[in-house]
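> So the chains spell out like this:
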Amino acid sequence: MRTEIKFGGLGGQGIITMGFILGNAAAIYEKKECVFTQDYSAEARGGASTSEIIISDEKIDYPHVLKADYLVLMSMSAYRDYVHKLKEDGVLVVDSDLVAPGAVEKRRIYGIPATKIAEDLGNPIVANIVMLGFFNGVTEILSNDSLIQAIKDRVPKKFWELNEKAFMEGYNYAKNNL
Amino acid sequence: MKKGYLKEGNYFWSGDIAAAEGAIAAGCRFYAGYPITPSSEIAERMALRLPQLGGKFIEMEDEIGSIAAIIGASWTGERAMTATSGPGVSLMNENLGLAVMTEAPIVVVNAMRGAPSTGLPTLIGQGDLMQAHYGSQGSYELVTLYPSTIQETFDLMLHAFNFAEKYRVPVMYLIDGLLAHMYESIYVPPIEEIEKKIVHRKRPKEGQLPYEPDEDLVPPMPLIGEGRNIHATGLTHDERGYPDLTPQAQEKLVRRLNEKILKHERDIWIVEEYMTEDAETIVVSFGGEARAVKAGVDLARKEGIKAGMLRLITIWPFPWEYIKKYTADFVVAELNYGQMYHKVKEYAETPVHKLTKMGGEIHTPQEVLKKLREVSQ
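Here the protein sequences come in this chain order: A and B. Counting in the working numbering, the first sequence runs from 2 upward without gaps. Counting in the working numbering, the second sequence runs from 19 upward without gaps.
Honestly, I wouldn't trust all of these hints.
Derived lysine-lysine pairs resembling PhoX-like cross-links, with alpha carbons at most 25 angstroms apart [as the list claims (entries may be wrong)]:
| # | chain 1 | residue 1 | chain 2 | residue 2 |
| --- | --- | --- | --- | --- |
| 1 | A | LYS68 | B | LYS375 |
| 2 | A | LYS32 | B | LYS25 |
| 3 | A | LYS88 | A | LYS117 |
| 4 | B | LYS320 | B | LYS281 |
| 5 | B | LYS20 | B | LYS215 |
| 6 | A | LYS60 | B | LYS363 |
| 7 | B | LYS388 | A | LYS86 |
| 8 | A | LYS86 | B | LYS20 |
| 9 | B | LYS324 | B | LYS363 |
Don't read these hints as lab results, they were simulated from the structure.
Turn these sequences into a full structure, and let the hints guide you.
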């Protein structure tokens, strides 16, 4: 089965990191076929940023998202640019303080104030990890262990604890509120 | 396990990382380069890894110096590589000719981006296919390989270095903006197993001149620093390497430089034939674009259209026999205004159609399907 996931937001929010961690977790820790692509504008911060993950049990030919099963968005501009990419019965996951979705009929929408939660944890930089935890709480697409391992592969050791906490905050928010 | 060697296992790598690690596994221990998007991560990886393995990484002042440095390294016996993108290849082309003329085994990676000129630095293009062969002045043959997946980007490097060493020829290793920055699951076998397949260059017999070919037209290579008298020049030269500026010497040398590759083209050709056996329409494709074509062919088959794909992994010397053997119609899918289209047309006895896009993105499977529907009607 082919699963298509698209992340969208602004440069600096960790949109590409989020995609990379998910891809790394799927490829290395769950031994799935996985392709990760990225696209970003020239600005260091504030420009558009997106990443795409395809996960499959078979070899993946076409590497891009055609119709997203899951769309994970952290900015209004990303919402405007990518909402049309969502499948009819796809799932939309947003930072609810940053994205106000219009009427996306029949589609399931899940929101979390990820950036606010990250700020409360002491560092807004982990908003993407809160978001990733929430996404996994909603979808259970991979095991939490795989994702936390992949986070540790990516971030310096002194930030492991903060990131793990951020991930679990997001995950538990999904379990407690949905 | 030797120091600096990778563990066997699963990795999640970009094409750039896979190209660098593939080269290392194939014995490359010398890299000189100048960074350019989308190839810079190859240099980054080499800068990290080569010192761990006792190799050398040099960041050069420009691309002209980069290729000059690897030609020099090659003449000392190193398996040497550089990486760049189209604009860098344009600068390297003069010395690429020098590598052809002095028969120096080198590997040049070109991560193709949208072109001409600065074009689309971060995005895919396939406009450098002709440049890969005809960039430098004169009539010559070289080897050009072009993988399609991250796994293949790693695996094929062994062939790139082996062809370079076996035929004393520069190998142009094409990837593209998609493969360079895309990450994919990959399996790395024990490096020692790859090393067993390394082909070493032939060494001259006692008294054999530096450009005196064996029966295969390839002269065994003496090395700088081992005590022989060596003259490596871009001028037309005789078998001693001394300039011989006569039509006779030119005829003999240039003929052999071409023939030493053409004679062995069947050994160099690597082509994937996908569902071509009963196909009425065959899409010719390569690199990142071939991933869309394969998906498009699958869609067409579901509709009962007898479609197939020929994926050229060897671009040069052009695997013409694979075109000649089919009586199907051809579609050439490429991200330029039509380059390989002309090569396919040269050998096909059936209609040849273009499916082009100027770059920036690959076709969608639906676009490929649409073309296949059109052609098969």
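> Now tell me, hint by hint, if it's right for this structure.
Structure-based check of each hint:
For the hint pairing A/LYS68 with B/LYS375, the CA-to-CA distance comes to about 22 angstroms; that is within 25 angstroms, so the pair holds. Among the hinted pairs, A/LYS32 with B/LYS25 is consistent with the structure: their alpha-carbon atoms are about 16 angstroms apart, no more than 25 angstroms. For the hint pairing A/LYS88 with A/LYS117, the CA-to-CA distance comes to about 29 angstroms; that exceeds 25 angstroms, so the pair is violated. This hinted pair does not check out: B/LYS320 and B/LYS281 have alpha carbons roughly 41 angstroms apart, beyond 25 angstroms.
The suggested pairing of B/LYS20 with B/LYS215 holds, with an alpha-carbon distance near 17 angstroms, which does not exceed 25 angstroms. Annotation: proposed proximity of A/LYS60 to B/LYS363 is violated, straight-line Cα distance about 32 angstroms (limit 25 angstroms). Between B/LYS388 and A/LYS86 the alpha-carbon distance is near 20 angstroms, which keeps this suggested pair within the 25 angstroms criterion. For the hint pairing A/LYS86 with B/LYS20, the CA-to-CA distance comes to about 48 angstroms; that exceeds 25 angstroms, so the pair is violated.
Taken as a hint, the B/LYS324 and B/LYS363 pair is honoured in the structure, with Cα atoms around 21 angstroms apart against an allowance of 25 angstroms.
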